[in-house]
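**Q** What follows is the residue order along each chain.
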Amino acid sequence: MKKKCGIVLALFVCGLFVCSLAFATGGQEGTKAAGKKKIIAYTGFAQTLPFFIKLGQGVEDKCKELGFEYLNVSPAETKPELQVEGLDNAIIKGVDGIVMSPIDARALGNTFDMAQKKGIPIIVIDAPVNHPAVRGFFGTDNLAAAQGAGRYIVEKTHAQGDLLLLGGQIGHPNGDKRLKGVKETCEAAGMKVIVRPTDWDTDKAMQFATDELQHDPNISAIFSCWDPGALAAKQAAKTLGLLGKVIIVGFDGDQSVYRAIKAGEITATARQQPYLMGQQGTEMMAKIFAGRTDFTKETLVPGEMVDITNVDKYLE
Amino acid sequence: MALVTILLVFSIWAPSFRNIDTYSAILQHSAILGIVACGTTIVLVSGGLDLSVGSVMAISTVLVGTVLVSKLPIVLAILVGASVGALCGLVNGTVIVTTGVPAFIATMGMMMIAKGASLIEGAGKDMSIFPKAFTRLGTGLTWPGIIFASCVLSIFFILSRTRLGFNAYAIGGSIRVSRLSGLKVKRNQIIYYVIGGFLAGLAGVIYTAKFDLATPNTGDGWELQSIAAVIIGGTSLFGGTGGIWRTVLGVLIIKSLETGLIHIGLGSFWQRITIGIVIILAVMTETLQKRSD
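These protein sequences, in sequence, are chains S and R. First residue of the first sequence: 1, per this note's numbering; consecutive thereafter. First residue of the second sequence: 1001, per this note's numbering; consecutive thereafter.
Hints were generated in silico from the structure; no laboratory data involved. Here the structure is a predicted model, which is why all the values come from computation and not from measurement. Incorrect hints may have been included.
Label-pair distances were calculated between CB atoms; the ranges are [stated by the list, open to error]:
1) S:His158 to R:Lys1071: 29 to 37 Å
2) S:Asp113 to R:Gly1221: 22 to 30 Å
3) S:Pro132 to R:Lys1290: 39 to 47 Å
4) S:Thr239 to R:Ile1105: 24 to 32 Å
Okay, derived cross-link-like pairs now, DSBU-like style, lysine-lysine, Cα gap no bigger than 35 Å in a straight line [said to hold, decoys possible]:
5) S:Lys36 to S:Lys238
6) R:Lys1290 to S:Lys297
7) S:Lys118 to R:Lys1290
8) R:Lys1125 to S:Lys156
9) S:Lys297 to R:Lys1125
10) S:Lys117 to S:Lys287
11) S:Lys38 to S:Lys118
12) S:Lys204 to S:Lys183
13) S:Lys180 to S:Lys238
14) R:Lys1071 to S:Lys180
15) S:Lys180 to S:Lys204
16) R:Lys1132 to S:Lys192
17) R:Lys1290 to S:Lys183
18) S:Lys117 to R:Lys1132
19) S:Lys183 to R:Lys1071
20) S:Lys238 to S:Lys262
21) S:Lys204 to S:Lys262
The beta-carbon is built from N, C-alpha and C at its ideal position, and this holds for glycine as well.
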């Protein structure tokens, strides 16, 4: 019987071979020239979030263009431990460079130590990490963009009513900056700000938005620190029949939010450029491979408010 | 057998897999899941079920973080983490045996309670950068390896050398027969849940040390992962059969697959599919075996 088990499992693993042959695109041609073709690993939040899909695409397309092999080790869910394991495996596999966006920089210390020991350069996108293995950083100027979003909200509401602020995960540098930028700007204008951290969970965002909108009829605007949260807030407002009465502003610039802006359901979003950042990060990695140092270590890409007046420019 | 096949196949397929670092990484990744799964094994063998281990990890992590951030001694942090786990286990076991609430329901309730408590205590707090002496417990292979190995050996000892362990098989086999033959079924059952909870709490401590981070998001979905590991190893979900070495195999199989798939260039979504298939295959072979017996 044990034999039977063995045979079944062996068959299964053979099946895996076939799968990997079919799906590991680019892997096959890579094996022969493995000695020469540089491998760049990418990881971000879960590959279900539009921002990180765009970012990964930017890295992948640039890799193709420059002749690198692209290895996506993103976690299936946005959990720091899954990202760490994927990255550890990539480092042991022996990649040449890492372009990544940290889920939680605090959990990555040991992994970055290992990369440093092996001499693997890391380029961080979106949220900065302080570590000697990190050679470069690309990110949106989150504080400035959030202050812009705050001014936009103040202008649209004439500083009347309360603002519900759906935060990300407290301790995430970008989430914190966005929260701070909007909160301070709106408070300075005299608005009352209600802060609810959601841990980047759209379910929680929707729940908080529903509860707070029912609880506090004074809410005149909702700001979400990331676009999926704005979509959730929109659904909450829709269910309560408050669509159009409450200003909803997001942060990221996802296509689904552009469509909602076009439909008049979401007011605006602070646009980031993940695809561009992915491409620039990969270009910087190419420079590091070539031994060049003619690049600035930190690049802040400005954000831009997108609303009904300019959404057509970005709608794909 | 299955593990050897998997390792062999990946080694042949991906040159980068043939590397001592890879095997060391698999062991490192296995340690925390392994510790949780040790507890799940004894609970499952005795015919129980514990869905709360993931949330118990979360509450343990958050409390450990709180203790460390308040600059209290490390030993206290470890004790608090492990004992809150044991306490949850005690409540689980007591509720199940005294009220007759099914284990599924009782531990699901505990899953929500512990998660809620950890959110109250830990949501929105920034707990990280703990003392080096503490993070060492989760870093590299040495300490996590030693802790995992001691858990395995302790459970092995309990299951194969003590009355408590023999009773687990008896109770898992048939609760009625065990009761009729005079075993203290209820007391034993409570102890199994306490062990399961204790180990989940301990896993939370090691998790906090490994990632140098305490957040209430820890442990979501771990209950199913640890049950998966135990079942892939061949321990029955309905109790009475199984063993700790099988669980070790199960954990190693899961982690080798996850690691191996990255080495052959398949992404994280494929890991899920593969592990899903392996679980079904493992139980299928088990069932076929029973039928032919």
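**Q** All hints are to be evaluated individually against the structure, with a verdict given for each.
**A** Each hint, compared with the structure:
Between His158 of chain S and Lys1071 of chain R the C-beta distance comes to about 48 Å, which lies outside the given range of 29 to 37 Å. Between Asp113 of chain S and Gly1221 of chain R the beta carbons are some 27 Å apart, a value that agrees with the proposed interval 22 to 30 Å. Distance hint for Pro132 of chain S and Lys1290 of chain R: a CB-CB separation of about 56 Å, inconsistent with the stated range 39 to 47 Å. With their beta carbons about 31 Å apart, Thr239 of chain S and Ile1105 of chain R fall inside the hinted range of 24 to 32 Å.
Taking the CA atoms of Lys36 of chain S and Lys238 of chain S, the gap is about 55 Å. The hint is violated against a cut of 35 Å. Straight-line distance between C-alpha atoms of Lys1290 of chain R and Lys297 of chain S comes to about 63 Å, which puts the hinted pair past the 35 Å bound. Restraint check for Lys118 of chain S and Lys1290 of chain R: not satisfied, since their Cα atoms lie roughly 49 Å apart, outside the 35 Å limit. With a CA separation close to 32 Å, the supplied pair Lys1125 of chain R and Lys156 of chain S stays within the 35 Å bound.
Of the supplied pair hints, the one linking Lys297 of chain S and Lys1125 of chain R holds, its CA atoms being roughly 30 Å apart against a limit of 35 Å. A distance of roughly 20 Å separates the Cα atoms of Lys117 of chain S and Lys287 of chain S; the hinted pair therefore holds under the 35 Å criterion. A hinted pair counts as satisfied when its Cα atoms are at most 35 Å apart, and Lys38 of chain S with Lys118 of chain S qualifies at roughly 15 Å. Between Lys204 of chain S and Lys183 of chain S, the direct Cα distance comes to roughly 20 Å. Compliance with the 35 Å bound is thereby established for this hinted pair.
Annotation: proposed proximity of Lys180 of chain S to Lys238 of chain S holds, straight-line Cα distance about 27 Å (limit 35 Å). With a CA separation close to 28 Å, the supplied pair Lys1071 of chain R and Lys180 of chain S stays within the 35 Å bound. Of the pairs offered as hints, the one joining Lys180 of chain S and Lys204 of chain S holds, with about 20 Å between alpha carbons and a cut-off of 35 Å not exceeded. Of the pairs offered as hints, the one joining Lys1132 of chain R and Lys192 of chain S is violated, with about 42 Å between alpha carbons and a cut-off of 35 Å exceeded.
A C-alpha spacing of about 63 Å is found between Lys1290 of chain R and Lys183 of chain S, which places the hinted pair above 35 Å, so the restraint is violated. Taking the CA atoms of Lys117 of chain S and Lys1132 of chain R, the gap is about 19 Å. The hint holds against a cut of 35 Å. About 31 Å separates the Cα atoms of Lys183 of chain S and Lys1071 of chain R, which keeps this hinted pair within 35 Å; it holds. About 16 Å separates the Cα atoms of Lys238 of chain S and Lys262 of chain S, which keeps this hinted pair within 35 Å; it holds.
This hinted pair checks out: Lys204 of chain S and Lys262 of chain S have alpha carbons roughly 25 Å apart, not beyond 35 Å.
Going through the hint list in order, the structure does not satisfy hints 1, 3, 5, 6, 7, 16 and 17.
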